[in-house]
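Trainee: Take a look at the letters that make up each chain.
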Amino acid sequence: MQIKTKNLLKKLRSSRELSLLLVLVFLCLLIQLRNSSFLTPKTIGDMLKNYSTTITLSLGMMSVLLIGGIDISVASSLAFSGMCASLMMRDNVYSSTLVMFLVSIGIGFCCGMLVGLVVTKGKVLPIIATLGFMNIFRGATYIVSGSRWVSAYQFQSAFKQFAQSKTLTFGLINNLVFITLVCYAVFFVIMKWTRFGRRIYAIGSNPEAAAVSGINISRIQFLVYSIAGAFAGLTGAMYTALYASAQSDMGMGMEMDVIAACVIGGVSLSGGQGSVTGVFLGALTMAVIGKALPLIGVSQFWQTAIKGAIILAAIIINVLTQRAMVKNALKERDI
Amino acid sequence: MSEYILELSGITKIFPGVKALDRVDFQLKAGEIHALMGENGAGKSTFIKIITGVHHAEEGEIFLDGKKVEFKSPLDAQRAGIAAIYQHVTSYPHLSVTENIFMGHEDVKKGFIQWKDMHKKADVLLGQLNAEFPSTALMSSLSVAQQQMVEIAKALSMDARIIIMDEPTAALTKRESEELYRITKKLRDNGKSIIFISHRLEDMYQLASVVTVLRDSHYIGTYDVSEITPPELIKAMVGREIKELFPKPDVTIGEEVLRVEHLSRTGYFKDVSFHVSAGEIVGFTGLVGAGRTEVIQTLFGIERYNSGTIFLGGKKAVIRKPQDAMRRGIGLLTEDRQECGLILDWGIGKNITLPEVKKYARHHVTNEKSENEAARKLAEGVDVKALTVFDLVSSLSGGNQQKVVVAKALGSELKLLIMDEPTKGVDVGAKAAIYEIMGDLAKQGLAIIMISSEMPEILGMSDRVYVMCDGRITGELSRAEATQEKILERAMVKHGHAVHA
Amino acid sequence: MPTKSGRTIAATKEKSLKSVFLRWEFLLILLFLIVNIMNASISKNYLNATNLFTAISTFLVKGFIAFPMAYILVLGDIDLSVGSTVALSATLLGVSYNAGLPMGAAVGIALLCGTLCGFLNGIILTKFTELAAMIVTLGTMTLYRGIAEMILGSQSTGGLQNVTWFYDLYYARLGTVPYIFIVFCVLAVAFGFILHKTTFGRYIYAIGNNRLAARYAGVPVQRVRLICFTLVGLICGISSIYYASWMGTVRYDIATGYELEAISMVVLGGISTAGGKGNFPGTVISIFTIGLLKYGLGLINVNSQTILMIIGAILIIVVTIPNLRFRKHTEKHALASSGTAQ
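Protein chains in written order, with numbering that gives the first Met the number 0: chain A, 0 to 334; chain B, 0 to 500; chain C, 0 to 341.
Rather than coming from a laboratory, the hints here were simulated on the basis of the structure. Heads up, the beta-carbon is just placed ideally off N, CA and C, and yes, glycines get one too. Any given hint could be a false lead.
[Stated by the list, open to error] Counterexamples of contact, computed for chain C against chain A with all Cβ distances above 10 Å: (1) Pro101; (2) Thr114; (3) Leu225; (4) Met246; (5) Asn278.
[What the hints assert, rightly or not] What follows is a set of in silico ranges between Cβ atoms, one per label pair, in the way DEER data are often shown: (6) Thr168(A) / Val123(B): 40 to 46 Å; (7) Gly157(C) / Ser164(A): 44 to 50 Å; (8) Thr175(C) / Arg361(B): 55 to 61 Å.
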């Protein structure tokens with residue numbers, strides 16, 4: 000009896016990614032029917048490039064959700080680190096694209112550390128802490144920029160070219176897309192093959208057991224929020240490169256996009272469940288929706304509402320699926 | 000060199016308001032299976048937590064291999080080779096068996112986890128325990144017995160020299176228990192030293208060579224298992240003749256208050272039928288996981304049932320939420336008073352009046368004066384040891400907290416009172432008081448259902464006993480017929496096929 | 000029943016002066032006075048009644064929301080969708096009026112919209128109790144504002160102040176006292192009374208403290224939660240009406256940051272985010288404290304983003320301080336109860 004349940008659960012679990020893939024393919028085909036320019040290399044390439052920011056940031060959110068936390072300040076740290084790095088480039092502190100990226104990542108990492116400190120040492124609920132920081136970092140972005148933009152002409156030309164060229168892969172894949180793929184590959188390895196990754200799952204699955212196993216929960220929590228910040232920094236640099244400008248309100252609302260991506264991808268909000276593949280598919284789904292809606296005539300003003308509806312639908316479906324699984328398991332009990 | 004692998008002397012542990020352990024001594028020889036027995040609340044679990052480093056004793060010392068040690072955290076005890084397997088399994092439901100075994104000490108080469116090797120090692124360990132599931136199985140897909148096996152495998156993987164088991168057979172069937180006995184004996188043969196807590200005399204006689212008895216946080220004695228008889232052991236645990244403890248008065252049984260017919264809830268219990276009359280105390284017993292608590296949760300409206308009927312006072316009743324049950328005069332004392340029965344941050348008064356706060360209020364406006372007065376009367380009625388009704392419930396001892404819960408239930412007009420493990424974690428004095436209250440209530444015509452895992456309590460207080468096993472009622476015994484053996488027999492029956500000892 | 004051991008238990012309590020001074024509200028009042036002193040020193044006209052009421056009216060518009068938010072936090076939940084609810088209700092108000100409906104109907108629609116938004120939150124949370132309020136209200140926050148954006152796009156809808164009685168809602172005064180202030184005081188008293196002196200309020204505290212024990216004690220947990228979330232929506236509807244009356248025009252992106260401010264006001268007022276603890280008067284005092292602080296900052300030309308930043312910082316500081324003090328206490332308990340039986 001037990002083996003039957005195990006197989007069932009295993010099938011349902013791995014099929015989450017499978018069913019996601021199927022839904023995604025189905026969605027693409029539907030859109031293609033309405034607008035035959037969708038499934039062309041150019042459109043897809045553009046889509047991946049334009050959404051590389053959301054797709055990358057989703058990884059940062061994933062790790063936070065896995066330990067049972069949340070971070071709605073990532074969009075603001077994205078803006079802050081991107082803006083700071085841009086200002087420095089504008090003021091000729093450096094001119095290299097690489098340095099700009101590193102600076103942005105570094106600043107984002109510091110933002111994340113701050114959040115991590117408040118959550119671990121201050122023992123503040125993550126939603127409250129990141130609600131506060133969301134506004135702090137955004138306000139800081141406005142202050143630091145004097146509420147002005149850093150516009151295209153103020154950037155180095157090499158930087159402006161970066162998002163449109165394929166230099167990193169010697170002409171194969173767009174730079175930003177390449178960065179995204181590298182991040183996913185690295186994260187995939189970390190989450191599956193390192194102790195650090197497995198401990199994140201452990202803490203999310205059962206914090207009490209983790210404490211007894213000798214895992215330093217506070218330290219890993221702190222690191223996870225810092226990493227989320229670093230991802231925000233990376234995404235900030237990518238965003239700025241993509242639009243060749245830095246504005247104080249950049250990335251506003253992106254935290255909801257990445258949360259939606261994770262939730263669609265099967266990441267449980269209570270922690271312990273979720274895969275890198277799932278998040279990738281979820282983020283891809285968000286990208287497809289974002290790109291495809293205008294193509295089939297849906298006004299851009301509808302995007303936010305659709306996003307919200309998707310999040311609600313996804314979490315409710317998760318609950319219903321969970322309930323069905325429990326019901327099945329109970330039937331198997333043969334009482 | 001000491002002849003003992005583990006020795007504790009003079010251990011005293013104090014919690015706010017309660018002395019959990021009072022100068023307890025203990026010695027464990029290498030390769031020995033040592034049973035630790037005592038009533039609920041005697042201090043066994045606390046003692047185990049001292050050994051595993053979860054608690055720190057106020058007084059006393061611990062010696063490992065003759066050398067004094069101090070455990071500042073559970074990790075220290077683990078590193079010293081002490082592993083514990085608890086009643087409530089602490090595992091990672093979303094992770095595989097292998098990860099559960101090796102979490103915290105994974106196989107790592109240059110930073111990368113060696114999954115293949117770990118799975119293989121885990122399978123070897125599982126093979127030693129005759130486990131029928133692979134190491135790649137998801138923890139949440141395993142039964143409680145299987146999860147326990149994983150815990151044992153975990154202990155083995157950490158090269159534990161001392162393995163502690165807390166009520167290991169509580170959730171197991173007879174066959175699974177025998178398997179556990181075999182595994183435990185094999186561990187001993189391999190040189191491990193084992194301490195286990197159990198309520199079941201059978202466990203002790205089957206496995207242990209030595210038994211230590213605790214009673215009311217005191218160390219009573221250590222005995223050779225082959226030299227002590229069950230009555231002597233029970234006397235050591237209980238400290239008195241069983242008969243004296245239960246002042247069950249003779250009460251004329253009145254009208255039927257509750258009748259349940261063919262009640263079923265998928266996955267929890269099936270075809271449960273029983274009845275209770277006014278003035279009756281009906282005991283419900285069985286092994287942990289038999290389904291008793293689930294049945295009464297359904298009666299009280301906490302959970303829904305799938306089929307069957309409930310009759311109250313002869314009339315069909317539909318109960319969908321606690322308010323429905325309470326309105327019809329059903330009261331419930333939950334098993335876990337701290338989680339479900341009390342609001343620890345509140346005072347005694349507010350806890351007692353919560354179910355009936357509307358009653359004391361005028362047009363929904365709360366009337367604290369009449370509330371406090373009523374609470375005072377109720378609290379005095381059960382003899383709660385407190386100064387004022389504003390005393391925080393969290394500052395009371397287990398026994399007093401239980402009395403507050405009783406007072407709270409008595410605040411409503413009751414026809415039926417359900418008590419789930421009413422004296423769990425309660426000191427002897429409070430136990431006697433609670434039994435007296437139960438007797439008084441029965442005299443007043445209240446019908447009482449008492450769920451209990453304590454045999455003396457069941458035998459001493461019940462007019463009738465229902466035994467449950469694996470979600471079904473497997474026996475009904477009158478007070479005259481009920482014996483420990485008959486009850487145990489029915490508690491381990493599966494679907495009507497008796498399994499003999 | 001007669002007392003068995005002859006013991007009596009007291010049912011009355013003596014009050015002490017010391018308990019008055021150490022309370023959070025006292026510190027809060029101190030903070031309130033400091034803010035006022037600072038503001039008075041910045042602006043000479045500050046302590047003029049008319050000016051003061053003008054300043055107060057601006058933050059009262061969103062101050063209402065702190066009332067039901069206090070209930071939500073005591074319940075142990077949270078509601079992040081308030082700003083979006085206000086925006087959607089105001090949008091519908093503006094659009095209805097400009098579509099030709101009488102202002103009264105438009106106002107009714109705004110109230111209905113707010114109530115429905117809150118009700119939706121409540122229904123989802125009470126039917127799917129596995130879901131946390133945080134994620135549901137994050138979802139509805141996005142959805143509601145999204146709907147407002149769908150309706151208005153990048154445009155604004157205005158002309159609302161052409162209706163005199165509507166304009167008067169916000170601007171009219173009884174002498175020097177604005178009507179909005181009177182309404183505010185009435186609601187403050189009502190909400191405070193309900194929370195502290197009624198069975199409903201007692202239920203809220205019970206649920207926030209120990210939801211399971213409350214359920215076993217017969218408290219209608221889900222019904223109380225549904226009512227509270229619906230109440231939030233209703234008050235957001237009222238807030239949107241006052242906003243529209245104040246500003247005269249409405250866009251889809253108004254009322255951003257309302258959730259942060261409302262939660263900050265409640266938390267600064269002494270109500271814990273963990274639920275089950277805190278008093279209402281503190282919330283009222285902190286509404287004024289934060290409101291006047293914002294006003295003072297506005298006087299020295301601090302921009303709105305920076306003000307939000309400061310409030311964010313205040314929120315974090317206020318929540319962190321009690322945790323730092325009791326850290327030793329909770330760590331000990333956490334270790335003792337980790338991963339063990341019974």
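Trainee: Does each hint hold? Answer for all of them.
Mentor: Against the structure, the hints come out as follows:
no., hint, in the structure
1, Pro101, "28 Å, holds"
2, Thr114, "19 Å, holds"
3, Leu225, "17 Å, holds"
4, Met246, "21 Å, holds"
5, Asn278, "19 Å, holds"
6, Thr168(A) / Val123(B): 40 to 46 Å, "45 Å, holds"
7, Gly157(C) / Ser164(A): 44 to 50 Å, "47 Å, holds"
8, Thr175(C) / Arg361(B): 55 to 61 Å, "38 Å, violated"
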